[in-house]
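Undergrad: Spelled out, the chains give:
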Amino acid sequence: MSMPFRVHGTPRRNILQAGALAISGLSLGNYLRLAAAGEVRPQATARAAIFINLRGGPSHLDTFDPKPDAADVRGEFEAIPTALPGVHFSEHLPKLARCADQFALLRGVTHSLAAHELGTAYVNTGNRPLPSLEFPGYGAVAAKELTAPRDLPPFVAIPNTAQRAGYLGIRYAPLSTTQAPIVGRPFQVRGVSLQEGVAVSDVERRTQLLSKLDRTFQELEGGNSLIDGLDEFSRQALSVITSPRTQRAFDISREPQAFAAPFGKTPFGGSCLLALRLVEAGVPFVTVTHDGWDTHNDNFEALRTRLLPPFDEGLSALLGGLAARGLLETTAVFVTGEFGRTPRINSQRSGRDHFPRCMFMLLAGGGVRPGQVLGESDATASGPLHEGYSPDDVAATFFHLLGIDHRQEYQTNTGRPVMIVRDGEVIRPLLA
Amino acid sequence: MRMRSSSFVQIACLVLSVAGPFVASSRGAESDEIVPPANGRFADPATQETPDFQRHVVPLMGRVGCNGRSCHGSFQGQSGFRLSLFGYDFGLDHKGLQQRIDSKSPLKSLALLKPSHAVDHEGGQPLPPGTWEHTLFRRWIESGAPPRPAGAAGFLKLEVLPASIRMSREGEQVPLQVIAHWDDGTKEDVTCLSRFQANDPAIAAVSEEGVVMAGDPGDTHVIAFYDNGVAATPVLRPYSDLADDRYPQLVARTRIDELVQDKLRLLGEVPSEVCTDEEFLRRVSLDIAGTLPRPQEVREFVADARPDKRSRKIDELLETPAYAAKWTTFLCDITGNSDAQLNNATAERARASREWYDWIFQRVQANVPYDALMEGVILAVSRQPGETYLDYCERQAAMAGSEPASKYADEPGLTYFWGRGNFQRPEDRAIGFAYTFMGIRLQCAQCHKHPFDEWTQQDFKQFQAFFDRVRFNRLSPVAAAGRGPADVADRREMLAELGLAERLMGNDRRVLADAARDGKLVPASELAVLPPAAANPRRPANRGNPRRPQNRVARLLRDAEPIQLDAFDDPRQPIMDWLRDPETRLFSRAIVNRIWAQYFHRGIVEPTDDLSLANPGSNEPLLDDLARRFIENGYDLKWLHREIAGSDAYQRSWRPNETNRLDDQNFARAVPRRLPAEVLLDAIRTATAGSDERAGLHENLRGRMTTYPGTPQGRQPVAYGLTVFGRSIRSKNCDCDRSPDPSLLQTLYLRNDVDVFAQIDRRDGWLDEVAGTLRPRARQAQAERDRASGPRPQAPPAVRLARLQQALQTARRQGREEQAAQLQQRIRKVREEIANPPPPRPRNADEPFAGAAPRRPDLPPIRIETETARNIIDEAYLRTLGRLPDDEERAAAVEALSGTDGLAGVRDLLWALLNTKEFIVNH
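Note that the protein sequences, when read in sequence, are chains A and B. So the first sequence is numbered by my numbering: it starts at 5 and just counts up by one. So the second sequence is numbered by my numbering: it starts at 59 and just counts up by one.
There could be a bad hint or two in this list.
Said to hold, decoys possible - With beta-carbon atoms standing in for the labels, derived distance ranges:
#  : chain 1 : residue 1 : chain 2 : residue 2 : range
1  : B       : Cys-505   : A       : Asp-382   : 28 to 36 Å
2  : B       : Asp-576   : A       : Arg-348   : 34 to 42 Å
3  : A       : Pro-421   : B       : Lys-519   : 23 to 31 Å
4  : B       : Pro-620   : A       : Gly-387   : 41 to 49 Å
5  : B       : Asp-468   : A       : Arg-348   : 45 to 53 Å
6  : B       : Arg-568   : A       : Arg-348   : 18 to 26 Å
7  : A       : His-390   : B       : Ala-210   : 44 to 52 Å
8  : A       : Gly-387   : B       : Lys-578   : 40 to 48 Å
9  : A       : Asp-382   : B       : Thr-189   : 56 to 64 Å
10 : A       : Ser-229   : B       : Arg-227   : 27 to 35 Å
11 : A       : Pro-153   : B       : Arg-127   : 33 to 41 Å
12 : A       : Arg-432   : B       : Cys-505   : 28 to 36 Å
What the hints assert, rightly or not - Not everything, but these chain B residues come out facing chain A in the computed CB check (under 8 Å):
#  : residue
13 : Arg-713
14 : Cys-792
15 : Arg-809
16 : Trp-969
Stated by the list, open to error - Computed from the model, here is a short list of chain B residues facing chain A with C-beta under 10 Å:
#  : residue
17 : Trp-712
18 : Pro-798
19 : Leu-808
FYI, nobody ran anything at the bench for these hints, they're computed from the structure. Yeah, the Cβ is synthetic: ideal placement off N, Cα and C, and Gly gets one too.
Excised from the complex, chain B in its bound form:
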């Protein structure tokens, strides 16, 4: 975060002076058509004008704060009087006011006396008598307090002038003019009725009157709100005097670089150098494949003289299975693959999350276009045409057991997406759907008008209507289309066969789970779309009225065309069509922005799940261009990865220069990011692995955390590391479900956790290998002793449990059932050992704590020759940081290895390198 010496207080104390000439001229151009502002029209208390409820009265209440959250906008109201939060429920608002209006003597109305403070008002005096605000409100009451007339003109859009602002010095002021457009063709200057908000007041503050004041250099937006309109005005002040014409001649190698540079030019900001080959290789390997580069790979890449070696490397990485694993994890995040939400979605525990992962993995690996991939999610149904419930369950059962005949990944649809616990009610689906596919936060509009966007509660209701015919029944059929009784009978028979009753109780689940694992026939969950006539929303509120009126209409967000839902066999089809329509933009923008954010420290729009009008991107032309070309390139995800990773913008050094040091949102330099949980844990494993294992880690996914399918549950050993480093919980429809933040626990983990030491000290790990090369004879002698005296001391039970569970997962995934059964046996034993630990050996009070990773104290310490030490140090650097040490670092490392116990020095060195900031961040 950059430090700013905010001079805001000084700015705030300046008295407003004149309006800038720029605005005056723009005003002149359209003045003949625009109704002048209300503050002028109502300045004269004797005016006879009747204000309009929607256009003037409600916005005025919003502006002076009546319908705010801490006043009458609170859901409990305030002193018995409630207004809709942020407005837009004209019925409710009018009714509330009417009860406080004295029609016989309007001037004695509480609605007027309270805010003008003639009668005590807790909320202060928002409408002092004599002001235009007071006059406006009084005139409305005097005129009989008319409501919004039926058939009144609708709000069309908000226009703000100037369209963008460029400041040149601190304290500079530019007033905004806000013009409302109505669908009857009228326009009105509503500056005095609008609310304003500065997205970064340190750079540009805005007064209640809409005057923007320049602060520090940089760029941000000022937002105007009026009625349902939200309009953002970019404000910019250059960082240096190199802006515009004085900007240095720079090469823009790609389209992305051109668009990034267009923005940097306005800001007078020069990008950092392109990063070194070592930095690039480590960065891009971690970003594309979640893998550290191999030491040999680093040497080769640096030595490679071909000019296109970087794009070759990108292509190479995109073909690895590790790429598919990493980006499947990403797509599992945004689609919400969570074991906690998939309880009982399959009879066998955790099968749903695994199949979900595999379904996506297969498509990412085959590079299925993004729109087609998501269509499989959006339009998923369980049964094939004409299939009975029995057929369907048999097909599902054939996917389990020791020799599966088919696999879920080959199914056309990802049905589990619709089976999540937090995705059942239509309103939850509206929120979750908007989050996943559109990158917007609709939850606000569930209860009130969206404060930062144009969604109203009405929009929300009309959107959720798309989902009420879609049903997911857990371990049961969706009884529809006249098949109901047969389906139910099918299910009953399946359960009877297993000795179970129709209603499943506690222990029955286990019976069912065991049967399912063995590939026996069990009832499967079903996702289906009800035909229009049967639609009967499951909301409790509708229970008394099971048959809702037919021909229901839904409306897509930001799209005024109503859609007759009953005309569609699957009401999700029109949404899919709409998402695919290039005009919609949200579908492509959301994914392009999210993928961009995986390569940088932020999205072009940040947060990446908030593509609202009040939250424009730092470079809209860039996002628009990438999103448009993504569609033109057939939603090709690898194209997008190549495009981003191939740009100089991505390949910048993290070292700032004087012009870009204070800016972290325009991609003029790389900003270090903490590695994501899975990638970090894999990196620890990779960095400590012996050479054989190390060499295969791009290709071999065994045990990789990026293949972990669902959400780790509390008791699983892998859960600890993943949780500590903020793996996504995938349950709250928020990209913040994953955390990139550092924490004390993370540092404790890296410094001192049993997992990390177990990795460093593991058998056949790199340290073990170094030990072996340092004293082949001692190693041999040790091996003989081992043979004579039984196995080496075991790793602690928690570590063994973790390894066994990893192996079990792999075995299951690869269908090796016999091995899986053996592993389960061993897991049970280790669990017992953990539950009933053997009695500890006696110890005295000052002794250090009971150990985790056993070392081999029986081997004598060994000194390492300086030349050997240098080689070991180089190797340690390459395998952790992907580069060679500089002289100072090498000297420090040589010193560490020069003690009597050289091997302990190597261990210290490896530990230290894993604990550098450079290791745990991507840079």
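Excised from the complex, chain A in its bound form:
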């Protein structure tokens, strides 16, 4: 039915108030066009995701894209065969080599931002950073789009993350644990875990007192967004703090020894185990940050001793653990740094420097077709051999797995319409 009185555009007032309440608005024409192309609300294959950020920029050559025959760039490590015929990894990733059939590897991913901060913002949002707009991290978008149980935070960062709520507003910000757990040790998460000696009954007693004292703004209830928001979050906070399920999920020391041991007694391994427990409990989005990959100095020594063993152990245990619990099918795992590292080895410092032209990314679970290598770098791993994938494409695919249409438009807090991923295309061969 057409109305004789048509009105232009999104009401500005709504735009201006959008901040936390941002509305998404595909125009009808666009919606129908995208629907026809099968792009709208794809059936989600993943109901949760774990994003692992290797901060600092891991060397692609010394991990998943070795070039043993390129004498100038090959470095100190040997390449070893993997579960996939003809595919080789670094010798320091033996466990991941054995389970290479559980994930998909992208080689020759490429971009041009060689600074840590910019590259990190790029791979954590799927959008090249802009000076005038802070894009929300994947987890913030997921927190907005996916439903989480009421007694669990929708977006948890272990121990912290580069993903921020950006223009979506602070209510989609991650809960950061600020510390990484260690397998076998009890673990406390600020704000969530109960303090020593405090029982749920103590919380309830205090909360009861609070409800008697917190009456001042009763007059405003139902008519003031701040007061109503505070009341709503108050109820939700109580359910988080008093939920046995939530308390259990964060305490990795409750995991049976046999299951927990393969993760290794490292912060990264503990983080992977916690991520798994959180997803199992129903948290839709978890990030794990593994720092220290900026190997300008002593690249090989650092990788061999400090970086690769816990990574190899933790990630393979995570994939195996998810599979064992029946969660891998529905949990998308995405592993990336902000860039690769130079094929050329700087001789004085025996290190490799920033290199965004060629890097790897790894995806698994949640509808990813495992056991394949997509893309290819050239003979010296100095760039993609063919066209190469962009971080935007991988981002689009990642959202696709979660059933989030990456072309969906949000209004930013300044009223500007922006697609979730502005430039990406779903990489179809990645999908199962």
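Chain A is already provided as a structure; the job is to place chain B on it using the hints.
TA: Below, chain B without anything else, positioned relative to chain A:
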């Protein structure tokens, strides 16, 4: 947010009827000079008139949506055809259309067939045959599709009639008439070629034809767009029948109150009562100084019988260092003091953000006029006249080390403002500059005509030209004015002295940082203005053409006079002059509006960084008046604070009455606001502090979050609280970089975070003090046991780390280097402890979680007498909420304290009070 039962759908279904008599008469007055509207002229398909490309064809395309974002205005175009987004690139638009015009048989042109749907068109049928729109477009094509002629008259302004609309009932309709003025003196009724937008359709909707329809009571604006013009028409419908002549006689105590009341009178809205003394004291202390009032202060203030006690209190607060700290934080927000953007601006990490803070602090404390303060930012350069790079670096080095000979705050200019990572390219500077000093969002105009303002892309380019001669080189000289080689040699020698090569690599930064901290000579960053001849914009696009033509011209926004940039040694000077010109208005309006917004829940214009034509303030006369008087009073910031905080408008109660309940934009009542991140964290600390510390917190800034200089980085312990409560990230040129919103994480923090419990349970905190007075003997015995068995259990490492880092910051700031070194040692140890935590004691699966704040279970519980309990409760209320409890609250609190463990009751009470909404909002 108020709830509205929008009756918009009903309105929308009403059929348009007659035009109001009011408009008919205004039309009659000028009709002889105004070209009648195109919808009449082109109604007859046989018309021979040739439409004008700029005046008719482009606006028509805008109106029917051709150049919209989802159609041909998209940057990718649509089906191979692209128009400029929101118009105004006449060359591009004409070229695109021309390719779709068949000059031999114009009627077969794709440009005509597609929109009239003779040929399939994805975008529907915006120009159905037989309509005046179709005729207009056809006539243009038939006439040879002429472009905008060179030397065509320019657009002057847009006039909308009536100038304002007052509605009296829902569903009432008033048509708008839009008249375009051109600089050749012609005028045309362009209503049918304009686009309209309602800023709040629940109050006033507008049809595509420009007919305004009344909805709920309230006031808003309807905006008309045509060519580059944007015109706002206020629309108002009173909330009650008390409007105008029937408005009650009220006293307007100040000029602000008069102007607020003028507006409220039109709306039939009666302001709420003036708030109580307790409410005023807490509100104004938090707003001016970011500090909770002291319990004793509350008692004294309430007892004070002097009629001017409120203005005395305002004056008193404005003299505290806490005032300077809070407003320095505010100015650091809008100028963008961000560690993330200042990476390597100084050799020593985080020095730039600290010096930035101190530079502003010194001026706020001395109440330097706002224009002079900002001139120091705008015209900053690094070197003094005649200084070599070596001299300059020596001067900078003298500001560091154990006994600094001088300080950055004494420098005339805030050079770091120009050294931010997001403020290097001329286009980024244009955006950032407009944001900070003018409160406008120019970023839209970087890529297309501004949709809500009159800036075009051309305006943007001409504005950014002011900035391309300004250079900030990190840890290097700006090689200019013939000194280049000497400067470079200076730098090389400094680095060689430290054993470093010219090109700095990874670890070199650390060497440099250590040297800088010790006050050794290191290369400093330099801000300088290149002379005109050397200007060579660093944009990659210009690489092939390093010497751009000279005598470049720049133009200030909204000011048609071109400026010869080469005539100025510093091209920023004409902008400074222009900002200072009272006619410019943006400079004073932006800051007055932003400061207003710190005292209320919103600015007079909201958002406060969007002073665009399409976003007028809710009370323009008020903003104009305040901005004008701010200039007349010499840009005196304290005057402005006094003026605002001293008004009844500021001192209203938050309790609404029936006439103002639905309105939150005209300052008829106070609207609760969540405390800003720093103020909230300080308030928690203050409320839990022991009496000695508590007494000094207005004067003593040690450890106050309002003294935190830059942007907290992920791993700093203070970062967590600040981030959770939305401290500004200071990097996106948006006042929304700071968040006032509530969130689940904030509530979890207040309810259950280790930081909050650490504050409640801290040694010598209020709770500890209460415990001491309740059982002096037990306390003594405990002290003896402590002496015998070593220290009390330590706070958890994260808490200790936070404390140590706070102390380190203070020590550094006060130049106590020896202590700083010791603190660094201790910080390293705690870090190690965090990295390698001691093995936990064994525990069984059902036990609660490992603890954070240790309590003292070895002391026996103690009962509290009712009389004592009452005193404790009063004190708890005063120190958190700044008032005494009412009877019901007191009864609940007494009950909480009456258990066997009275002290646990006090702890519960303090926790509960910190968790009330009343505590975390200013009201």
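Undergrad: Next, verify each hint and record whether it holds.
TA: Each hint tested on the structure:
no., hint, result
1, Cys-505/B x Asp-382/A: 28 to 36 Å, "35 Å, holds"
2, Asp-576/B x Arg-348/A: 34 to 42 Å, "35 Å, holds"
3, Pro-421/A x Lys-519/B: 23 to 31 Å, "24 Å, holds"
4, Pro-620/B x Gly-387/A: 41 to 49 Å, "46 Å, holds"
5, Asp-468/B x Arg-348/A: 45 to 53 Å, "47 Å, holds"
6, Arg-568/B x Arg-348/A: 18 to 26 Å, "24 Å, holds"
7, His-390/A x Ala-210/B: 44 to 52 Å, "51 Å, holds"
8, Gly-387/A x Lys-578/B: 40 to 48 Å, "42 Å, holds"
9, Asp-382/A x Thr-189/B: 56 to 64 Å, "59 Å, holds"
10, Ser-229/A x Arg-227/B: 27 to 35 Å, "29 Å, holds"
11, Pro-153/A x Arg-127/B: 33 to 41 Å, "38 Å, holds"
12, Arg-432/A x Cys-505/B: 28 to 36 Å, "31 Å, holds"
13, Arg-713, "6 Å, holds"
14, Cys-792, "6 Å, holds"
15, Arg-809, "5 Å, holds"
16, Trp-969, "6 Å, holds"
17, Trp-712, "8 Å, holds"
18, Pro-798, "8 Å, holds"
19, Leu-808, "8 Å, holds"
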